[in-house]
Amino acid sequence: MYDVQFHSSAFESFDASEGLLGVNLERFEEVLKLAKKGDLVQMTFDTSTSKLVIHIDGVEFTMACIDPDSIRQEPQLPEMDLPISFTIDEAQISRGVKAADMVSDHIRFRCDEATQTVYVEAEGDTDDVSLELTSDEIDSLVPAEGNALFSLDYVKDLSREFPKSGSIALTFGQDWPMMMEYELADGECDVLAMLAPRIQTD
Amino acid sequence: MYDVQFHSSAFESFDASEGLLGVNLERFEEVLKLAKKGDLVQMTFDTSTSKLVIHIDGVEFTMACIDPDSIRQEPQLPEMDLPISFTIDEAQISRGVKAADMVSDHIRFRCDEATQTVYVEAEGDTDDVSLELTSDEIDSLVPAEGNALFSLDYVKDLSREFPKSGSIALTFGQDWPMMMEYELADGECDVLAMLAPRIQTD
Amino acid sequence: MYDVQFHSSAFESFDASEGLLGVNLERFEEVLKLAKKGDLVQMTFDTSTSKLVIHIDGVEFTMACIDPDSIRQEPQLPEMDLPISFTIDEAQISRGVKAADMVSDHIRFRCDEATQTVYVEAEGDTDDVSLELTSDEIDSLVPAEGNALFSLDYVKDLSREFPKSGSIALTFGQDWPMMMEYELADGECDVLAMLAPRIQTD
Numbered sequence: 002m003y004d005v006q007f008h009s010s011a012f013e014s015f016d017a018s019e020g021l022l023g024v025n026l027e028r029f030e031e032v033l034k035l036a037k038k039g040d041l042v043q044m045t046f047d048t049s050t051s052k053l054v055i056h057i058d059g060v061e062f063t064m065a066c067i068d069p070d071s072i073r074q075e076p077q078l079p080e081m082d083l084p085i086s087f088t089i090d091e092a093q094i095s096r097g098v099k100a101a102d103m104v105s106d107h108i109r110f111r112c113d114e115a116t117q118t119v120y121v122e123a124e125g126d127t128d129d130v131s132l133e134l135t136s137d138e139i140d141s142l143v144p145a146e147g148n149a150l151f152s153l154d155y156v157k158d159l160s161r162e163f164p165k166s167g168s169i170a171l172t173f174g175q176d177w178p179m180m181m182e183y184e185l186a187d188g189e190c191d192v193l194a195m196l197a198p199r200i201q202t203d
Numbered sequence: 002m003y004d005v006q007f008h009s010s011a012f013e014s015f016d017a018s019e020g021l022l023g024v025n026l027e028r029f030e031e032v033l034k035l036a037k038k039g040d041l042v043q044m045t046f047d048t049s050t051s052k053l054v055i056h057i058d059g060v061e062f063t064m065a066c067i068d069p070d071s072i073r074q075e076p077q078l079p080e081m082d083l084p085i086s087f088t089i090d091e092a093q094i095s096r097g098v099k100a101a102d103m104v105s106d107h108i109r110f111r112c113d114e115a116t117q118t119v120y121v122e123a124e125g126d127t128d129d130v131s132l133e134l135t136s137d138e139i140d141s142l143v144p145a146e147g148n149a150l151f152s153l154d155y156v157k158d159l160s161r162e163f164p165k166s167g168s169i170a171l172t173f174g175q176d177w178p179m180m181m182e183y184e185l186a187d188g189e190c191d192v193l194a195m196l197a198p199r200i201q202t203d
Numbered sequence: 002m003y004d005v006q007f008h009s010s011a012f013e014s015f016d017a018s019e020g021l022l023g024v025n026l027e028r029f030e031e032v033l034k035l036a037k038k039g040d041l042v043q044m045t046f047d048t049s050t051s052k053l054v055i056h057i058d059g060v061e062f063t064m065a066c067i068d069p070d071s072i073r074q075e076p077q078l079p080e081m082d083l084p085i086s087f088t089i090d091e092a093q094i095s096r097g098v099k100a101a102d103m104v105s106d107h108i109r110f111r112c113d114e115a116t117q118t119v120y121v122e123a124e125g126d127t128d129d130v131s132l133e134l135t136s137d138e139i140d141s142l143v144p145a146e147g148n149a150l151f152s153l154d155y156v157k158d159l160s161r162e163f164p165k166s167g168s169i170a171l172t173f174g175q176d177w178p179m180m181m182e183y184e185l186a187d188g189e190c191d192v193l194a195m196l197a198p199r200i201q202t203d
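Residue numbers (my numbering), protein chains in the order written: chain A, 2 to 203; chain B, 2 to 203; chain C, 2 to 203.
Treat the hints as calculated values from the structure; they're not laboratory data. Don't take each hint at face value.
The list treats identical chains as interchangeable, and a pair is accepted whether it falls inside one copy or across any two copies.
As the list claims (entries may be wrong) - For lysine to aspartate or glutamate, the following EDC-like pairs were computed, each having C-alpha atoms within a straight-line distance of at most 20 Å: (1) K99 x E75; (2) K165 x E91; (3) K37 x D154; (4) K99 x E19; (5) K157 x E31; (6) K37 x E182; (7) K99 x D40.
All values derive from a computational prediction rather than experimental measurement.
Whole structure, please, built from the sequences with the hints as guidance.
Written as structure tokens, this is what we have:
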């Protein structure tokens, strides 16, 4: 699950009443690729046709919207116990994911409170991987004893969106979801990704 | 349909009587890729074996030719009424094609004589695209009222061959074929591509 | 068949008794890709678990080994008569292979002793290719009359591993295997690849 917020500074101008709009993200992404770096993108919602009109350097794209009521509602989040947090460079996570991907479909994040170390681990049938993250690799560690297991495919999908060379704030707890927070576009956009854990049944 | 002409300046030397040669274009293209930029390509037609011998930096490639009589004859062209013409940057056509490709299998070129504007348009089931081309984007416009519809796949194939950042001269008329003319190799090669329209049946 | 030797200068430190280790090359290659250029790779063989423990910048990879007895033994090589040898730039072989690939599944290396020339040749059903290599393209030629035919697929596989812009020493004889020798990593690694010929049955 993603929660993305744009700061007002991300907009050149803004004139809108409150509202909720459903858009086909794939189509929307395609349209935005018509813009070159630095091009302004102008969006107008036509309330009579319920279409979003997008202007990009001479191109007018008229896009049908999706009724927000037809989109799956976001789940209610329970109170969560996430005592472990730290920030880490995107490249370190990518390395851990790449190494884990060689041996398993799952990846474990584990914190050792005593040694103030976070481990990214994966266990295969014959081969194992462990990436040790100490204060050299991570910042602002709030340590606690705990670990959580995640589906590697989902972690791969999420980490692919991390900004290159960016800083990622991770928060997790014993068998709780993991929160991954980072900034895009020079801080004009805040992203929070949340990933549910895989609960290991022994 | 393509009509490609090489100027004499494109040749280092030339010694041939008039003739017609059929070649397998795919094979010919592969062979020419053996040449590095700046390499001379020497071609000799061996009339005894009916083979084309191609020399490229030490490589001798002997290529069987195709009997020209076995190749489909080029069609007789009717007199055409193509009152609209203009030149445009390759990048603008690429953008129009890219945008149209999101919503439809067809693309329309339309000229509004009054506003001296050319539109590249595509209509999908729910989404529409329109690229407006004014004197900012086009040169040498000879305007007239008219529009023509084309298969997007063919336009894509043809536009892929346009020289990057090159200038393309387009000529069209109401439901007539479109002519696309451009230069390659610093003007040593003139290309004319012709594309038949799709006639819309309402 | 490959015979690869690392010089002692390729190692930062080395502490081992003599031994034979079987490793899954594909897996090993994947693991090594975790290293960035300049990273040290530390390998320890754990004799109690028969696993190879690989450390690369914080990542610990524990890899199961393969029983050397279960790997196919290298063949006994007969005495060979390989009177022709020369060195050549990797780019020239690539060109010959690329050209041959257009017309045939086989490639012939042929030496003409009188003209001190080596030919790389391929014959197709309708098209032929010949790359002539004289003293301009090859060094240290020891000429003799002879030629040998090879499966193009194997030559392609082997030549793909040649160092870009590197120098390759080739040795062959009439219908004998070809030896291909080159250096990697600034001479810290010597590679000898051997390819069996295809014997033409007329």
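These are the hints, each one checked on the structure:
no.: 1; hint: K99 x E75; verdict: neither (30 Å within a copy, 34 Å between copies)
no.: 2; hint: K165 x E91; verdict: within (6 Å within a copy, 32 Å between copies)
no.: 3; hint: K37 x D154; verdict: neither (31 Å within a copy, 24 Å between copies)
no.: 4; hint: K99 x E19; verdict: neither (42 Å within a copy, 33 Å between copies)
no.: 5; hint: K157 x E31; verdict: between (22 Å within a copy, 17 Å between copies)
no.: 6; hint: K37 x E182; verdict: neither (27 Å within a copy, 26 Å between copies)
no.: 7; hint: K99 x D40; verdict: between (35 Å within a copy, 17 Å between copies)
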